[in-house]
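Peer 1: Now for the letters of each chain:
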Amino acid sequence: MALADSDRELVEEELGREPTPAEAALFENLWSEHCAYRSSRPLLSAFDSEGEQVVVGPGDDAAVVALPTGEDEDDVYITMGIESHNHPSYVDPFDGAATGVGGIVRDTLSMGAYPIALADSLYFGDFDREHSRYLFEGVVEGISHYGNCIGVPTVTGSVAFHDEYEGNPLVNVSCIGLIDDPDRLVTAQAQEPGNKLVLVGNATGRDGLGGASFASEDLSEDAETEDRPAVQVGDPYTEKLLIEANEALLDENLVESARDLGAAGLGGATSEMVAKGGLGARIELDAVHQREPNMNALEILLAESQERMAYEVKPENVERVQEIADRYDLGSSVIGEVTEGNYVCTFEGSEVQRASEGENGEQSEPQGRETVVDADGHFLGEGAPMNDLPAEEPTESERDLPDIDPQDAFETVVASPNTASKRWVYRQYDHEVQVRTATRPGDDASILAVREAETGLAYSAGADPNWTEAAPYEGARAVALENATNVAAKGATPLAAVDCLNGGNPEKPDVYGGFKGIVDGLADMCETLSTPVVGGNVSLYNDSPSGPIPPTPTLALVGTKDGYDAPSLSLSGEGELVVVGDLSLAGDAETRLGGSELLAQAGGSDRFPELPEDPAALVETLAAVADYDSTLASHDVSHGGLAVALGEMVHEDVGVDVELPDTLALFHEQAGRAVIETTDPEAVEDAFAGIAPVTRIGAADDSGVLSVTVDGETVSATAAEIADLREVIERELA
Amino acid sequence: MTVSVLQFGGSNCDRDTVAALDHLGVDADLVWHDDGLPAETSGVVVPGGFSYGDYLRAGAMAARSPIMADVKEAAENGTPVLGICNGAQIGCEARLTPGAFTTNESARFQCEHVHVRVENADTPFTQAYEEGEVIELPIAHGEGRFEIDDDELDRLEDDDRVLFRYCDAEGDVTEGANPNGSKHNVAGVLGEHDHVAVLMPHPERVSLPDVGITDGQGVLQAFGR
Chain Z
680 MALADSDREL
690 VEEELGREPT
700 PAEAALFENL
710 WSEHCAYRSS
720 RPLLSAFDSE
730 GEQVVVGPGD
740 DAAVVALPTG
750 EDEDDVYITM
760 GIESHNHPSY
770 VDPFDGAATG
780 VGGIVRDTLS
790 MGAYPIALAD
800 SLYFGDFDRE
810 HSRYLFEGVV
820 EGISHYGNCI
830 GVPTVTGSVA
840 FHDEYEGNPL
850 VNVSCIGLID
860 DPDRLVTAQA
870 QEPGNKLVLV
880 GNATGRDGLG
890 GASFASEDLS
900 EDAETEDRPA
910 VQVGDPYTEK
920 LLIEANEALL
930 DENLVESARD
940 LGAAGLGGAT
950 SEMVAKGGLG
960 ARIELDAVHQ
970 REPNMNALEI
980 LLAESQERMA
990 YEVKPENVER
1000 VQEIADRYDL
1010 GSSVIGEVTE
1020 GNYVCTFEGS
1030 EVQRASEGEN
1040 GEQSEPQGRE
1050 TVVDADGHFL
1060 GEGAPMNDLP
1070 AEEPTESERD
1080 LPDIDPQDAF
1090 ETVVASPNTA
1100 SKRWVYRQYD
1110 HEVQVRTATR
1120 PGDDASILAV
1130 REAETGLAYS
1140 AGADPNWTEA
1150 APYEGARAVA
1160 LENATNVAAK
1170 GATPLAAVDC
1180 LNGGNPEKPD
1190 VYGGFKGIVD
1200 GLADMCETLS
1210 TPVVGGNVSL
1220 YNDSPSGPIP
1230 PTPTLALVGT
1240 KDGYDAPSLS
1250 LSGEGELVVV
1260 GDLSLAGDAE
1270 TRLGGSELLA
1280 QAGGSDRFPE
1290 LPEDPAALVE
1300 TLAAVADYDS
1310 TLASHDVSHG
1320 GLAVALGEMV
1330 HEDVGVDVEL
1340 PDTLALFHEQ
1350 AGRAVIETTD
1360 PEAVEDAFAG
1370 IAPVTRIGAA
1380 DDSGVLSVTV
1390 DGETVSATAA
1400 EIADLREVIE
1410 RELA
Chain G
13 MTVSVLQFGG
23 SNCDRDTVAA
33 LDHLGVDADL
43 VWHDDGLPAE
53 TSGVVVPGGF
63 SYGDYLRAGA
73 MAARSPIMAD
83 VKEAAENGTP
93 VLGICNGAQI
103 GCEARLTPGA
113 FTTNESARFQ
123 CEHVHVRVEN
133 ADTPFTQAYE
143 EGEVIELPIA
153 HGEGRFEIDD
163 DELDRLEDDD
173 RVLFRYCDAE
183 GDVTEGANPN
193 GSKHNVAGVL
203 GEHDHVAVLM
213 PHPERVSLPD
223 VGITDGQGVL
233 QAFGR
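Protein chains in written order, with this note's numbering: chain Z, 680 to 1413; chain G, 13 to 237.
Calculated from the structure, these hints are not laboratory results.
Computed from a prediction, not measured in an experiment: that's the story for all the values here.
One or more hints might be untrue.
Here chain G is said to cover these stretches of chain Z; the calculated rule only asks that three of the stretch's residues, wherever they fall, bring their Cβ under 8 Å from a Cβ of chain G [said to hold, decoys possible]:
1. 743–749
2. 1006–1013
3. 1114–1121
A few chain Z residues facing chain G, derived, Cβ under 10 Å [what the hints assert, rightly or not]:
4. D842
5. E845
6. V912
7. T917
8. I1126
Pair by pair, the computed Cβ-Cβ distance ranges are [unchecked claim]:
9. D184/G to D1332/Z: 13 to 23 Å
10. D34/G to D1008/Z: 27 to 37 Å
11. G144/G to P737/Z: 54 to 64 Å
12. G90/G to E931/Z: 33 to 43 Å
13. E931/Z to D170/G: 32 to 42 Å
14. G236/G to G1242/Z: 22 to 32 Å
15. D1241/Z to R76/G: 47 to 57 Å
16. P78/G to E1049/Z: 20 to 30 Å
17. D162/G to R1410/Z: 48 to 58 Å
18. R76/G to E931/Z: 29 to 39 Å
19. P972/Z to P78/G: 48 to 58 Å
Don't be surprised by glycine CBs; every beta carbon is placed ideally from N, CA and C.
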């Protein structure tokens, strides 16, 4: 990919001359879809990112949100960020996924935060296909290797399989960081002309050249071999040293602004820092500490070598910053300074390069230094024209249901890799390091003990491609509600969210129409829930010879609660069972299977279920009811419907005896529902009166058998049989 | 008197260990490996993590770092030393304890809670428990399979130097309850003396009551005596 002709004309007009090769490459990368959001930014204004808790909204490396604290208590902030590493993970699943973790963690560091949790939402082609399994295993291993090594727990996430990810899997990684003292907050905005720019971390080599533009085109047939040079290799050991060095720098208040070196490498990070500050820079590219000899200006400027950070440092603090880097065995170099002028990069070639140009190696020859970039920082960062693309409205699915035998359908849905146990995945992630994990993975949301603010932080991340494929707008609304219901089922209320919007080639009107649907749906539901969307990431061109992916709106949402305890997902066996929020069970809406796992397995189509009328009140009430003393167990109902939810709640000692009005009630996937095991069903009904329906469906018992009567037939399975069905991933990949 | 919790590049359970010791009322400080072991050290914990990225072999590089010579000397002078997870790998590599920890039978990293049986309750690290008691501890390792030659294992067992074995919830030491293929289900061992020990499970992760069970406190209480 090269700079498009129309962009080149714009650049020439601005510069008043032809761009140098380094400038052309820099513009190509910074103006790529991946960096400049040219096709998505016109849509993103749909999101409401405001709220009194929001300290830093979208546009920086990560967002910053204040946790609720008492009046006399000092503020405690968290950071939230999310990234996609889709194309690299297809070409090289282990390294592609690993470096995705590295990038989002550095985005956290550059805000002055310590990373405290990771979540991964992963999407692959059909589980039955060997290539999907190869990617799945490699990606999980890459995340495990990198995340475990740096000591940041991976506490939650999601995994989905769908044939349209076959040629283009998705790897979405989010990270939460903690800023326990507001004075430690730093941003990427350069502060003061005269301050030095210091590069800390790995030496720069010729790796990952053009990663940003690689992420901005469709994957080709032979991407696995051809694009390998665009994928970087991570070193988590160095990342861990960076985490510690970053803490030490913050402890001594040595950082004025900071930015992670990600897409478009040094050029991307430093030009964005100064552009944010309305400033310029003068950078000597040959001052960068390098891993291999004879790199040229363009390579140093754009290489995406991992584990590097750029810091703006006051001149008097430079020596101390380099001492700290040295203490942690990290390389560092003073590469230039912040100025009031343009963003300027100069370069003086090595002896070898000069010799090849016929020079005799005279070191201080001033004419040996050449200016390779001289452009306005703001124009570099923000000058890319936006695309106005045609969008085609998605069509709504009509009802065409297959024959459904309840027992067969139950077994099929519960044994689907989409709804089955993900223990095989999260067992490979260290989810307990840092000793904050009060509710572990495998539950609706994980709960982290943030002792610094005496707050329990609930964390949920995911999306369901079946939902958004069936109905992009409604499905995305459901994704947002589902993540909020996950935290509410554990007694927390939503605080903020970040999104990762994945779509196919936006130049196809139907793809762009679906993408627009998920953006609007996610934005609308988050606004309804008063949950600000404080940041995000867009990944388009997830398109391959096998076609576009389903539009996939991963949402990573956090909620807060007092204390760190949460009701269990497992039944106690001593209470009655009620379903809250189920419109069709209550007779308030038609029971629809659109987007359900059952239709994904059995074929057919249906309209997407209607969602509750007042989701905000529903979520708030659920969070309160979850923490009632009379609540014995609480579990969100989503993928696989009640069939899967009840299947997950039974165990060796405890079964359920339930009656439902019809078979569809067991399998529909309306978001915004939960099963509550309670000793006081009236209290649940009272709490939800006028907000959402509450339906009594039966009781838990000590049988260890799931028994559901529908349409005069009884679906029945022992806890051991269910456990066996749910172990499909572990069994197949052991 | 303060316990030194060592920090190598790549250590990542260092702060967790200090927090757990703090909770138990034991003074503990982080000690960066390059700064050497403070003279006033009352105990040493080599914490979990991935020292030097586990490049070469888990624990191999840290075991040969100068501070480990200080630790050996302190151990010889009676200072209690405990290696946890990566610290256990370092302890074996440094020959503070016998045997080695190598790649799990599954060849994958495993993070989960397991049961262990207390084999010898007459050591500083286990005297809070009863012999035969079953406790729940978390593991989080890719290289936790205990390996040792048969003769040395015999000697170890004859000398009652096995601290913990992986077992089921009832305390039966079975193959099914062995998470990583460790020889004779060994999860933790003593060195030459009972004040030097290593174990793969993480007692510091089950010592803070606000996030769950506290079965690990007994191990760390060795430093409060």
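Peer 1: For each hint, tell me whether it holds in the structure or not.
Peer 2: For each hint, the structure was consulted:
1. 743–749: violated (count 0)
2. 1006–1013: Per the Cβ count (3), the hint holds.
3. 1114–1121: holds (count 4)
4. D842: violated (27 Å)
5. E845: The hint is violated - E845/Z has no Cβ within 10 Å of chain G, the shortest such distance being about 25 Å.
6. V912: violated (13 Å)
7. T917: Holds - the Cβ of T917/Z comes within 10 Å of chain G, reaching about 8 Å at its closest.
8. I1126: Given a least distance of 9 Å, the restraint on I1126/Z holds.
9. D184/G to D1332/Z: 13 to 23 Å: holds (20 Å)
10. D34/G to D1008/Z: 27 to 37 Å: Cβ of D34/G to Cβ of D1008/Z: about 28 Å, so the range 27 to 37 Å holds.
11. G144/G to P737/Z: 54 to 64 Å: holds (58 Å)
12. G90/G to E931/Z: 33 to 43 Å: holds (38 Å)
13. E931/Z to D170/G: 32 to 42 Å: Roughly 54 Å apart at Cβ, these two residues miss the hinted range, so it is violated.
14. G236/G to G1242/Z: 22 to 32 Å: Taking Cβ atoms as reference, G236/G and G1242/Z lie about 28 Å apart, which means the hint holds.
15. D1241/Z to R76/G: 47 to 57 Å: Holds: the Cβ-Cβ distance is about 49 Å, inside 47 to 57 Å.
16. P78/G to E1049/Z: 20 to 30 Å: violated (46 Å)
17. D162/G to R1410/Z: 48 to 58 Å: Since the Cβ atoms of D162/G and R1410/Z sit about 34 Å apart, the hinted range of 48 to 58 Å is violated.
18. R76/G to E931/Z: 29 to 39 Å: Roughly 31 Å apart at Cβ, these two residues keep to the hinted range, so it holds.
19. P972/Z to P78/G: 48 to 58 Å: The hint (48 to 58 Å, Cβ to Cβ) is violated, given that P972/Z and P78/G are roughly 33 Å apart.
The structure fails to meet hints 1, 4, 5, 6, 13, 16, 17, 19 from the earlier list, while all remaining hints are met.
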